[in-house]
Amino acid sequence: MASTQVETIYWLDHPCSIPCFYPEQCFLCNRIESSEFFVQEQDFYEGSESAEHFFTTEERQWLVLRVLESVRAKKEELRVIPSVTLLEGQPIVPKFLTSGVISQVFPIHEPPALERLQQTWVQDIFAKQPLDEITEYFGVKIGMYFAWLGHYTTALSIPAVVGFIFWLTCTSKHQTIQDVGYVVFSIFNVVWVTTYLQAWKRYSAELAFRWGTLDQRDDLLAEPRPLFRVSI
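Quick note: the sequence shown, position 16, residue 42 per the working numbering, numbers continuous.
Heads up, a few of these hints could be off.
[To be verified] The calculated lysine-lysine pairs, modelled on DSS-like cross-linking and capped at a C-alpha distance of 25 Å, are:
id : residue 1 : residue 2
1  : Lys167    : Lys154
2  : Lys101    : Lys167
3  : Lys227    : Lys154
4  : Lys199    : Lys167
5  : Lys199    : Lys227
[Claimed, not checked] Beta-carbon label-pair distances, calculated as ranges:
id : residue 1 : residue 2 : range
6  : Tyr229    : Glu102    : 23 to 33 Å
7  : His135    : Leu94     : 32 to 42 Å
8  : Gln149    : Glu102    : 25 to 35 Å
9  : Asp150    : Ile107    : 46 to 56 Å
10 : Leu175    : Thr202    : 35 to 45 Å
The hints are simulated quantities; they were obtained by calculation from the structure and are not laboratory data. Cβ coordinates follow ideal geometry from the N, Cα and C atoms, glycine included.
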């Protein structure tokens with residue numbers, strides 16, 4: 027006898043009033059001044075008059091996820107589902123995820139934004155990476171990864187050119203000349219690596235300041251994850 031498994035998909039939408047007060051509780055930073063967001067100062071922020079563009083796509087998705095994870099069980103809701111035992115004050119959504127009641131929680135893509143990235147990033151291979159657009163849609167971590175990838179690829183062109191020149195010039199049959207060339211090239215690589223690390227440190231700090239994560243609150247000061255466990 028065949029069994030049929032029925033899955034229900036819930037579409038969660040929210041008005042702008044939800045993320046307007048919740049970022050203050052999540053210590054969300056302003057992208058330009060890197061200052062924490064406060065509801066009473068909302069009118070001072072650029073774009074506050076537009077509910078659709080006040081927060082980026084990544085920020086809205088992150089805020090909605092934090093709202094879901096912060097929903098905790100009340101005393102009268104402990105036995106809503108007989109197969110799952112909840113404790114008073116326990117986060118509901120993470121518990122349902124681990125128990126299998128909820129399969130996945132994921133944001134839905136925005137086709138217009140993806141189409142813009144397809145045209146300005148994927149198809150135009152010779153154009154500069156739109157890092158701000160990538161970060162706005164996928165988040166700071168993904169944006170920082172592609173920023174490092176482009177920065178590292180560009181920096182590799184220097185040792186590649188120098189190495190090619192050494193390969194053309196150090197073709198002498200004299201072993202001494204070849205050994206000296208290899209030593210010089212090795213020293214050059216050490217200097218290049220040190221210079222690159224310092225250059226990336228400065229560039230990443232510039233991006234972190236631009237995206238509002240340079241002075242982000244330390245994870246040790248944030249509220250523990252809903253399902254975080256520690257052994258004492």
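For each hint, the structure was consulted:
1. Our distance criterion of 25 Å between C-alpha atoms is met by Lys167 and Lys154, whose separation comes to about 19 Å.
2. Restraint check for Lys101 and Lys167: not satisfied, since their Cα atoms lie roughly 38 Å apart, outside the 25 Å limit.
3. Between Lys227 and Lys154 the CA atoms are separated by roughly 20 Å; this keeps the pair inside 25 Å, and the hint holds.
4. The hinted pair formed by Lys199 and Lys167 fails the criterion: a straight-line CA distance of about 50 Å is larger than 25 Å.
5. Using a Cα cut-off of 25 Å, the hinted pair Lys199 and Lys227 is violated, with the two alpha carbons roughly 42 Å apart.
6. Remark: the range hint 23 to 33 Å for Tyr229 to Glu102 is contradicted by a beta-carbon distance near 54 Å.
7. Between His135 and Leu94 the C-beta distance comes to about 18 Å, which lies outside the given range of 32 to 42 Å.
8. Distance hint check: the CB atoms of Gln149 and Glu102 are about 55 Å apart, inconsistent with the given range 25 to 35 Å.
9. Checked against the hint of 46 to 56 Å, the pair Asp150 and Ile107 passes, with Cβ atoms roughly 50 Å apart.
10. Separated by about 40 Å at the C-beta atoms, Leu175 and Thr202 satisfy the suggested range of 35 to 45 Å.
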